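Colleague: Residue numbers (this note's numbering), protein chains in the order written: chain U, 17 to 434; chain W, 2 to 275.
It is worth saying that the hints were derived from the structure and are not from the lab.
Accuracy of the hints is not assured; some may be wrong.
As the list claims (entries may be wrong) - In silico PhoX-like pairs for lysine-lysine, Cα to Cα no more than 25 angstroms straight-line:
1. W:K105 with W:K127
2. W:K127 with U:K398
3. W:K208 with U:K380
4. W:K127 with U:K301
5. W:K208 with U:K390
To be verified - Every beta carbon over 10 angstroms from chain W, so not counted as near; a handful from chain U, in silico:
6. Y22
7. G86
8. K98
9. I104
10. E166
11. Q186
12. A223
13. M256
14. D396
15. P400
16. T421
17. R429
18. N433
In this text, all values refer to a predicted model and were calculated from it rather than measured experimentally.
Glycine residues also receive a C-beta, built at the ideal position from the N, C-alpha and C atoms.
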Amino acid sequence: MKKDKYRNRLGSVLLLNEFIFRYYQRLGQKRENGSLVASVSLGFPVDILCAFDIVPMYPQNHAAMYATLGQAGKILDMVEEKGYLPDICSEVKISLGTLLHDCQLSFRMPKPDCVLAATNVCRSMVKFAETISRELNIPFHLHDMPFQIEYSHAKHAVEYVVAQFGDLIQFLVKLTGKKLNIQKLTRCLRLSAEASAAWHDILSFGATVPAPFDAMDIYRHMFPLITSRGSARTVEYYKMLRYEVIHRVEKGIGAVNDEQYRLMWDYLPVYHKMNFFSRILSKRKAAVVSSTFFYPVSGGRCRASVIEDALFRPKAQRLVKGLASNHLALYPNISLQQKASMIKQLAERYHVHGIIIHCDRSCKPQSLPQYEIKNILERDLKMPCLLIDADSVDPRFFSEEQIVTRIEAFLERLSRNS
Amino acid sequence: MKPSAQPSPLCIVAGIDVGSASTKVFIMDRFQRMLSFNIIPTGGRCADAARRCFQLAIDHAKLCRDDVRGIVSTGYGRKTVPFASEQITEITCHAKGVHCLFPKTSLIIDIGGQDSKAISIDKHGKVCNFIMNDKCAAGTGRFLEVMARVLELDFDQMNKLHQKAEKLVNVNSFCAVFAESEVISLIAEGNAVSDIVKGINASIASKITGLGRRISHRNDEVTFTGGVAKNKGVVFELKKLMSNEQINIPEEPQITGAIGAALLALENCGHHAG
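Based on the sequences and whatever the hints tell you, model everything.
Modeller: What follows is the structure in structure tokens.
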């Protein structure tokens with residue numbers, strides 16, 4: 017890797033590239049070998065699929081991949097030519113383009129045999145799933161996960177989500193002609209929990225001063241956890257990453273040379289500009305040490321241990337309730353007040369000096385409350401917060417000069433206030 | 002900021018604000034006395050504009066280049082000024098400059114060529130919060146330029162016409178470019194140009210007020226800066242909307258960023274504002 021005078025990137029990014037390549041290779045091979053493939057929205061209780069030997073694939077994550085590779089703009093142009101409006105979420109548009117119109121470049125996704133979605137992320141993905149099901153004439157299962165106003169794992173909400181697992185299992189039995197294999201499910205959940213635990217360890221080291229990793233790097237390293245849950249390869253991957261991070265902590269190696277400002281990032285990165293943000297921040301000795309986006313896929317609300325807990329007390333009911341609770345508590349599925357509360361906890365835990373809030377044009381349910389969250393954080397934490405407008409995936413919605421000025425002014429404010 | 006170890010007794014400093022529409026230079030001595038200032042259109046080449054404007058300001062002050070000990074650049078083109086010792090954003094510089102001119106200011110509204118910003122500052126002139134125009138240039142100087150071109154007027158004529166308006170004709174378009182079509186329609190419908198001008202000014206004032214209110218408190222002392230602050234019609238409409246606040250307009254509202262940059266250059270030389 018080219019040496020950068022302001023930052024020290026994780027060496028494990030080379031392992032990641034290999035992992036990504038193998039993932040897409042295996043996806044294609046499994047399809048060719050006759051395995052059933054499911055298109056899954058993020059937030060769906062995907063672990064259960066391994067009990068039926070169904071291979072999950074994630075169009076949203078695929079869209080993020082294209083953005084990281086700098087290919088999203090071209091694909092969005094191709095998709096919009098088919099008639100989709102610019103206002104539609106970019107991830108959904110790329111997902112529709114990939115599966116319905118073969119708008120694909122490098123790393124291709126095969127056609128799915130079924131589509132699975134949950135309501136705990138957004139309704140756009142539910143509409144995407146309905147559309148795919150109708151256009152490809154494939155079965156569709158929706159898991160309804162009610163929005164959580166009060167953080168309480170409301171008993172009735174958990175019971176409602178648990179009850180739907182029965183429907184889901186029946187759907188999968190009908191689709192595959194197989195029975196649920198409890199040994200495979202237990203193994204999958206155990207490995208998911210192990211990977212999640214390693215991931216949480218890694219994240220916790222972000223609280224070290226200097227932080228051993230830059231969050232813009234860590235976003236990329238979520239790929240295995242999102243795409244390959246329940247796999248021994250994923251566990252191994254995070255063990256290696258954890259080893260590298262621990263080594264850095266022991267040697268006092270920070271991701272940013274001479275770290276002076278520690279920042280948090282709310283929610284989605286700007287996938288097509290992660291290097292850009294990393295460069296302009298590290299040049300000014302600022303490190304992004306945590307993000308609210310790191311927590312949802314590992315079990316929501318920093319509670320991956322709920323799954324582990326359920327596994328160590330192996331009763332199916334408790335296990336399924338744990339799963340239901342976790343999926344209800346995903347960051348997009350909780351209220352504005354709970355989001356603000358989570359950010360406050362993270363800000364204290366990671367000793368941050370300021371918060372950057374990415375107002376994602378594509379993700380309106382997420383971006384709508386962010387203005388008020390910013391007000392709450394500034395009032396309660398007395399901490400500078402910066403709101404920037406961009407799109408997580410669409411590079412055409414990015415005004416570089418505007419953003420550079422905002423970031424520089426924000427850092428000047430931190431500098432003069434310190 | 003990098004203050005020098007020994008303040009120079011003859012410290013002359015300059016602030017250069019390279020904006021999208023105009024470039025401003027302000028030269029002061031260690032006692033914060035103005036020696037000269039200059040404003041020229043930026044054009045397409047920021048570096049050339051910065052050099053020319055700086056030279057004009059030096060000539061006006063009867064100085065030579067070497068007399069100026071510290072230069073801070075700011076604005077959209079701040080990085081294109083290679084002879085500046087530091088580049089600082091216009092947010093920080095405007096806060097500094099306005100605090101010097103109107104120390105009781107708590108909210109700055111700056112409307113430039115394509116940027117509009119609201120900056121809240123504390124009693125020491127430190128930035129507490131800021132917000133900038135999102136997504137488009139509606140409500141900025143560019144919008145006024147487009148409108149002036151459509152109406153075939155210059156800004157002085159627009160100011161005079163605003164005073165003659167008998168009613169307000171709403172100009173609704175969110176987009177500065179689409180508003181051009183809307184104004185053409187309004188003219189075709191027989192609306193008086195003076196009434197349309199009043200509507201344009203009211204539209205800008207409304208956007209400015211909306212921006213300011215997002216970070217302001219109702220009893221703020223407001224200072225309005227930037228080229229658009231020279232537009233009497235906009236100022237008139239703004240004062241109507243912000244009737245609870247005291248609104249200050251500097252004598253030359255375009256140079257507050259350059260003043261702030263010069264003050265920061267002075268601090269770098271070891272002279273702090275007292």
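Colleague: All the hints need checking, so say for each whether the structure fits it.
Modeller: Right, here's what the structure says about each hint:
1. W:K105 with W:K127: Holds, at about 12 angstroms.
2. W:K127 with U:K398: holds (14 angstroms)
3. W:K208 with U:K380: Holds - the C-alpha atoms of K380 of chain U and K208 of chain W are around 23 angstroms apart, at most 25 angstroms.
4. W:K127 with U:K301: holds (21 angstroms)
5. W:K208 with U:K390: holds (21 angstroms)
6. Y22: holds (17 angstroms)
7. G86: holds (23 angstroms)
8. K98: Correct as stated: the minimum Cβ-Cβ distance to chain W is 25 angstroms, above 10 angstroms.
9. I104: holds (17 angstroms)
10. E166: Holds, since 29 angstroms exceeds 10 angstroms.
11. Q186: holds (47 angstroms)
12. A223: holds (27 angstroms)
13. M256: holds (40 angstroms)
14. D396: Given a closest Cβ separation of 15 angstroms, the condition holds.
15. P400: Per Cβ check, P400 of chain U is inside 10 angstroms of chain W; nearest 8 angstroms; violated.
16. T421: Its Cβ does come within 10 angstroms of chain W, the nearest being 6 angstroms, so this is violated.
17. R429: Violated, because the least Cβ-Cβ distance between R429 of chain U and chain W comes to about 5 angstroms, which does not exceed 10 angstroms.
18. N433: violated (7 angstroms)
Hints 15, 16, 17 and 18 from the list above are not met by this structure, while the remaining hints are.
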